[in-house]
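Asks: Top to bottom, those sequences are chains A and B. Heads up: the first sequence begins at 1 in my numbering, then just goes up one per residue. Heads up: the second sequence begins at 1 in my numbering, then just goes up one per residue.
Any given hint could be a false lead.
Taking lysine-lysine and the DSS-like style, the derived pairs with C-alpha atoms no more than 25 Å apart in a straight line are [stated by the list, open to error]:
hint : chain 1 : residue 1 : chain 2 : residue 2
1    : B       : Lys207    : B       : Lys139
2    : B       : Lys139    : B       : Lys194
3    : B       : Lys207    : B       : Lys152
4    : A       : Lys318    : B       : Lys139
5    : B       : Lys2      : B       : Lys100
6    : A       : Lys318    : B       : Lys70
7    : A       : Lys207    : A       : Lys188
8    : A       : Lys318    : B       : Lys199
9    : B       : Lys88     : B       : Lys70
10   : A       : Lys318    : A       : Lys436
11   : B       : Lys100    : B       : Lys199
12   : A       : Lys318    : B       : Lys152
Where chain B lies over chain A, by a calculated footprint (3+ residues, C-beta under 8 Å) [said to hold, decoys possible]:
hint : stretch
13   : 78 to 92
14   : 274 to 280
15   : 321 to 334
Since the hints were made in silico from the structure, they are not lab data. Ideal placement from N, C-alpha and C gives every residue a C-beta, glycine not left out.
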Amino acid sequence: MRRSITLRLVAMFSAAALIIFSLIGAALYGVLKRELASHQREELNTLVQDMQYMIQRAGDVQRWSHVQTKLETLTPADGSIRFWVRSEDPRFQYGEGPADVEPAERGPDGLGRLALPGRKYPLSTTAKTIAGFQERPAIRLIVGIDAAPYMHTLNAFAGALVGLSLLGALLVMVLGYWIAQVGLRPLKQLSGEAQAIGPKTLSQRLKNAPLPDELSELALAFNGMLERLEGAYNQLEAFNADVAHELRTPLANLIGETQVALSRQRTAPQFMEVLQSNLEELERLRSIINDMLFLARADQGESATSLASACVTEEISKTIEFFEFVLDESGMNVEVEGDVRARAFIETALFRRAMTNLLQNAIQHSGAGSRIRVQVSEQPTLIQVAVSNPGAPIEEAHLPRLFDRFYRVDAARNDSDPSQHHGHGLGLAIVKAIAKMHGGSVFARSQGGVTTIGFSVPAAA
Amino acid sequence: MKILIVEDEQKTADYLCKGLTEQGCTVDAVHNGIDGQHLALEHDYDVIVLDVMLPGMDGFSVLKSIRTLKQTPVIMLTARDRVEDRIKGLHDGADDYLVKPFSFLELLARLQALTRRGRAMEPTQLRISNLLIDLISRKAFRGATRIDLTAKEFSLLAVLARRQGDILSKTAIAELVWDMNFDSNTNVVEVAIKRLRAKIDAPFSPKLLHTIRGMGYVLEPRSEEVPE
Chain A
1 MRRSITLRLV AMFSAAALII FSLIGAALYG VLKRELASHQ REELNTLVQD
51 MQYMIQRAGD VQRWSHVQTK LETLTPADGS IRFWVRSEDP RFQYGEGPAD
101 VEPAERGPDG LGRLALPGRK YPLSTTAKTI AGFQERPAIR LIVGIDAAPY
151 MHTLNAFAGA LVGLSLLGAL LVMVLGYWIA QVGLRPLKQL SGEAQAIGPK
201 TLSQRLKNAP LPDELSELAL AFNGMLERLE GAYNQLEAFN ADVAHELRTP
251 LANLIGETQV ALSRQRTAPQ FMEVLQSNLE ELERLRSIIN DMLFLARADQ
301 GESATSLASA CVTEEISKTI EFFEFVLDES GMNVEVEGDV RARAFIETAL
351 FRRAMTNLLQ NAIQHSGAGS RIRVQVSEQP TLIQVAVSNP GAPIEEAHLP
401 RLFDRFYRVD AARNDSDPSQ HHGHGLGLAI VKAIAKMHGG SVFARSQGGV
451 TTIGFSVPAA A
Chain B
1 MKILIVEDEQ KTADYLCKGL TEQGCTVDAV HNGIDGQHLA LEHDYDVIVL
51 DVMLPGMDGF SVLKSIRTLK QTPVIMLTAR DRVEDRIKGL HDGADDYLVK
101 PFSFLELLAR LQALTRRGRA MEPTQLRISN LLIDLISRKA FRGATRIDLT
151 AKEFSLLAVL ARRQGDILSK TAIAELVWDM NFDSNTNVVE VAIKRLRAKI
201 DAPFSPKLLH TIRGMGYVLE PRSEEVPE
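Next up, chain A with everything else stripped away, as it sits in the complex (with noise of 0.2 Å):
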C-alpha cells in the first residue's frame, strides 16, 4: 500500500498536538489541584484557629457549653462545615458520629479524607490537639469541610481541558493537512513539469528557482539526468540519421548510375565503367555495413575471446610496417617512445586493428613532413597506448566526441574525394569499441597543436 505524506504529516501532527495538550492538561490540572487543596487546607486553617483561642480557655463544663453553642453555630445546616471534639473526658466532647473520625492516613496535600454516608464527597479534615486546662483534658478538634465544590471546580475544569485538547487535535488536524497540502504543492508542481517532458520536449528542464532547498536538490538531480537522456537520445537521433546518410549517398550513386547507363544503348567498355564504379560504392557499403555490425557486436557486450600475452611495440611495429609506404609519400616518420617493453593481454588481431585506425587518423589529421609519436606507457593494470600528431587545435567539447560514429569535428563532410577521405567516420568508434572488448578505454587531448588520441589495454600480469 502506498502511503499518502499529506496523510502522514497529518497523522504526525495530530499525535503531536495530542501529546502537547495532554502534558498541558495534565499539568494545568495538578496546579489547580494543589490551589484548590491549598485553599481548603486555609479554610479549615482559619476554623481551628478561630476554635482554639475559645477551646484553650474553656477549663471546665460551664465554659465548655459556649464551646459547645458556638459549634453548633458555626456548623452550617447543608453540613458543609463539621466539628468534631474527641477527648478522655466524655463531658469535654462533641460531634456526633465514630469514635475514631480522624482518618489514620492524610493525603499529599496533608489533608484527610473523610467519607459519611450521605454524601458524595469525602470531607477534608484537619486535627489539632489542645493542650488541658484546669478539669478539662487535653482535647483534639477535628474541622471537616464539604470538598463539593473544590471537586466541582476540578471535575469541570478536567472537562474542559479535555474537550478543549481534543477539538484543539483536531484544529490541528484540519490546519496540519492545509499544511501539508501547501507544503507539498512544489511537490506537486514538479511533478506536473516533469510529465510534461516527452521526447519531443527533452530540451526542457525543471524550473529550479522558484523550488525549496530540498526539492532543489532533487530538482538538479532529475535535470542532470535529463541531460544525460538528452545526449544520448540526440546521439541517437543524429546517429541514425548519419547512417541514412552513409548509406544512402553510395544507393544513390548505385540507382542513379544504373539508371543512366540503361536509358541508353551502350558499348560494351561503357557498361564496364559502370560496373567498376557502381562495384565501387558497393565496397564502401560493404564496408560501412561490416564496420557497423563490429560495432554493434562491442555494444552487445561481445568481448575479445582469443587473448594472449604480447609485446605492444611489437605489434605497434607491425602496424607501422603496413602504413610504411604511405609514411614515406607523405615524408613523415612515427617514433615509439616510453614502455617499450610493456606486455598487454589482447587479440592481437583486435590491437592492430584499433592501431591502425589510430595511426591512419594521425597520418590523415597532420600535414606532408611532420612526426607521429606513439607514446606507451605502463600502468599498474593497464597499458596506454596514445598516438600523437601536429593537428589543428580541437575544442574541448569535441574531444571526448570524436570517438562517436560518424563524429567529425568539421561539420562539412567531404566524401567526395576519396583519395582525401578514406575512412567513413567509424574508425575511432571501432578504436573506442575494441578498448572496450579489452575493458580498457579511451582518451583524445588536444594541446599546443598537438594531438593525442590514445586507448588502453589490460596489462600481462
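Once you've looked at the hints, dock chain B against the given chain A.
Replies: Below, chain B without anything else, positioned relative to chain A:
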C-alpha cells in the same frame, strides 16, 4: 575443380555458379539442405560451399551428416557474424567460414586455399613473361635487369606472382603481405602497388601489374591495356 553450392538465395546461387564456372570450375547448385546432403554424399566434390540458413535442413545438420562419411572441404556461408556460430561451424568440421556480405574474390581465394592444401611443394622460381622471381634469394629480374626491391615490396610481388592471373582484393593483399586481417579503409595497398609498379613495370614492357577497378590487382601479361 568440382564444386557443390548449397544456397537457397537464388541470386547468390546464380552469381556464384556463373563466376565459378567462368573460373573453370564445374559447379552444381542446389537450393535446400536435403538436396545438398544427397549430392554431397553421392558425388565426390573438391569443395562444398554451404549456407547456414537453409530450408528443410540447416547447414550445420548437412555438415554433420557429410562429416560422418566424407572429409570433403566445406566453406560455410553465414549472415550472422556471431562468435558462437563460427565456433559451432568449425567445431562441427567446417574448414572455413565467410560472413555475408562477402566479396566474390575472397570466396575464390578461400576456395583455392582449401583445395591447394596438401599440394606439392611450391616452386622456388616464378616466371611471368620476362619477369623472373626467385623466392629463395628474394630477388626479382626483368629480363636481365635486376630490380631493387625492399622486403615488403618483394613480399607484395611474390604474393601477386604466386597467384598470377588471379585478381587479389586490397583486403586480401593486406592480409597476405602485412597480416592485417580486416578491412582497413586505408590507401596503403594503393600506395604500395604504385611503388611496385614504378619499379617493375614502368621502365619495362610488357606491362604486367594491372588494376581491376573496384576489385583489386592482378599480375599477368595482357595483350591490351584495360583503361584505368
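Asks: Check the structure against each numbered hint from earlier and tell me which ones fail, lowest number first.
Replies: 6, 11 and 13
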